[in-house]
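Protein chains: 2
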Amino acid sequence: MTEKPQLRLVGSSRDNPLNKKRLKTWIRLLRTTRKAEAHLREMLRIQYDTTLPRFDVMAALYRRRDGTTMSELSRLLLVSNGNATTIVDRLEADGLCQRQASSSDRRSVRVRLTPEGVEAFEAMAADHETEIARLFAAWNASDLDSLSRILKKLSTEDAS
Amino acid sequence: MTEKPQLRLVGSSRDNPLNKKRLKTWIRLLRTTRKAEAHLREMLRIQYDTTLPRFDVMAALYRRRDGTTMSELSRLLLVSNGNATTIVDRLEADGLCQRQASSSDRRSVRVRLTPEGVEAFEAMAADHETEIARLFAAWNASDLDSLSRILKKLSTEDAS
Chain Y
710 MTEKPQLRLV
720 GSSRDNPLNK
730 KRLKTWIRLL
740 RTTRKAEAHL
750 REMLRIQYDT
760 TLPRFDVMAA
770 LYRRRDGTTM
780 SELSRLLLVS
790 NGNATTIVDR
800 LEADGLCQRQ
810 ASSSDRRSVR
820 VRLTPEGVEA
830 FEAMAADHET
840 EIARLFAAWN
850 ASDLDSLSRI
860 LKKLSTEDAS
Chain C
710 MTEKPQLRLV
720 GSSRDNPLNK
730 KRLKTWIRLL
740 RTTRKAEAHL
750 REMLRIQYDT
760 TLPRFDVMAA
770 LYRRRDGTTM
780 SELSRLLLVS
790 NGNATTIVDR
800 LEADGLCQRQ
810 ASSSDRRSVR
820 VRLTPEGVEA
830 FEAMAADHET
840 EIARLFAAWN
850 ASDLDSLSRI
860 LKKLSTEDAS
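Residue numbers (the working numbering), protein chains in the order written: chain Y, 710 to 869; chain C, 710 to 869.
Treat the hints with caution; some may be incorrect.
Not close to chain Y: a few residues of chain C, all C-beta gaps over 10 Å, as computed [stated by the list, open to error]:
(1) S780
(2) S783
(3) T823
(4) D852
(5) S855
In silico DSS-like pairs for lysine-lysine, Cα to Cα no more than 30 Å straight-line [stated by the list, open to error]:
(6) Y:K862 x Y:K744
(7) Y:K729 x C:K729
(8) C:K733 x Y:K729
Residues on chain C that point at chain Y, a partial pick, calculated with CB under 7 Å [as the list claims (entries may be wrong)]:
(9) N728
(10) T734
(11) L863
These are computed hints drawn from the structure, not numbers from a lab.
Cβ atoms here follow ideal geometry from the backbone N, Cα and C, with glycine treated the same way.
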């Protein structure tokens, strides 16, 4: 964010074909991601009357089945702590997760899925996997390897 | 959405390595997109006190500089008509776009950027391009070609 912009005019990317290509590819990437998200959102809404952020929170809690803190949960999700808190509140009201004060540090609260939450998540996750398999059926092993390799090239960059 | 799910159990993708890879790659793709979007959102907020949806609406209006309908605008954006309407209302209040009844069909309203809107968008778009160039600097021409080719493979699929 602090790097000084070097291009100032619209269309200046015409002078830099690689940057023009980066912009076009980003737009294509964004459209693909949004379309897939829209399909997944629709599937979760119709089949489970639930939302993608709620599914994401349950997925993160499922990965940390021995419990996690709210701040770790937010990091896993890339959403704000406030949003995660609201979702966890509702999951708790629905009996799908619970908060527990840590035995070693009573100020530190850990959150985890209940057995009912684990069961509910596993049912959704199975349909989520099926939907992903369907949406990306056109990608073969070689496409997936190339895509992973290309995305990994950014992982040292995008923390800046 | 109508295709019958073939996988029903979590972990069943272990029996199908390609579907497991599709799921992992999708999660990586989603994280990459969200991180880049977060950077772009932050840049627009800090430098222009504006939002990504508002930028997207202005970009769509810029591409249709002879005017467009609200329904075409929503299609271009992949957002709901209601959201686009709210954003157009605000842009109009700020003097950056205007609605005009079509001369041939008075019920059909067309929306377009004002000259001030064009100028404001061009300034933002230049910084947006610079930010994209920076975020995706690690992708060379060959990466971009591969990525485009792989994303295009979905374009006949994702309309289903």
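Structure-based check of each hint:
no.: 1; hint: S780; in the structure: holds, 17 Å
no.: 2; hint: S783; in the structure: holds, 13 Å
no.: 3; hint: T823; in the structure: holds, 17 Å
no.: 4; hint: D852; in the structure: violated, 5 Å
no.: 5; hint: S855; in the structure: violated, 5 Å
no.: 6; hint: Y:K862 x Y:K744; in the structure: holds, 24 Å
no.: 7; hint: Y:K729 x C:K729; in the structure: violated, 33 Å
no.: 8; hint: C:K733 x Y:K729; in the structure: holds, 29 Å
no.: 9; hint: N728; in the structure: holds, 4 Å
no.: 10; hint: T734; in the structure: holds, 5 Å
no.: 11; hint: L863; in the structure: holds, 5 Å
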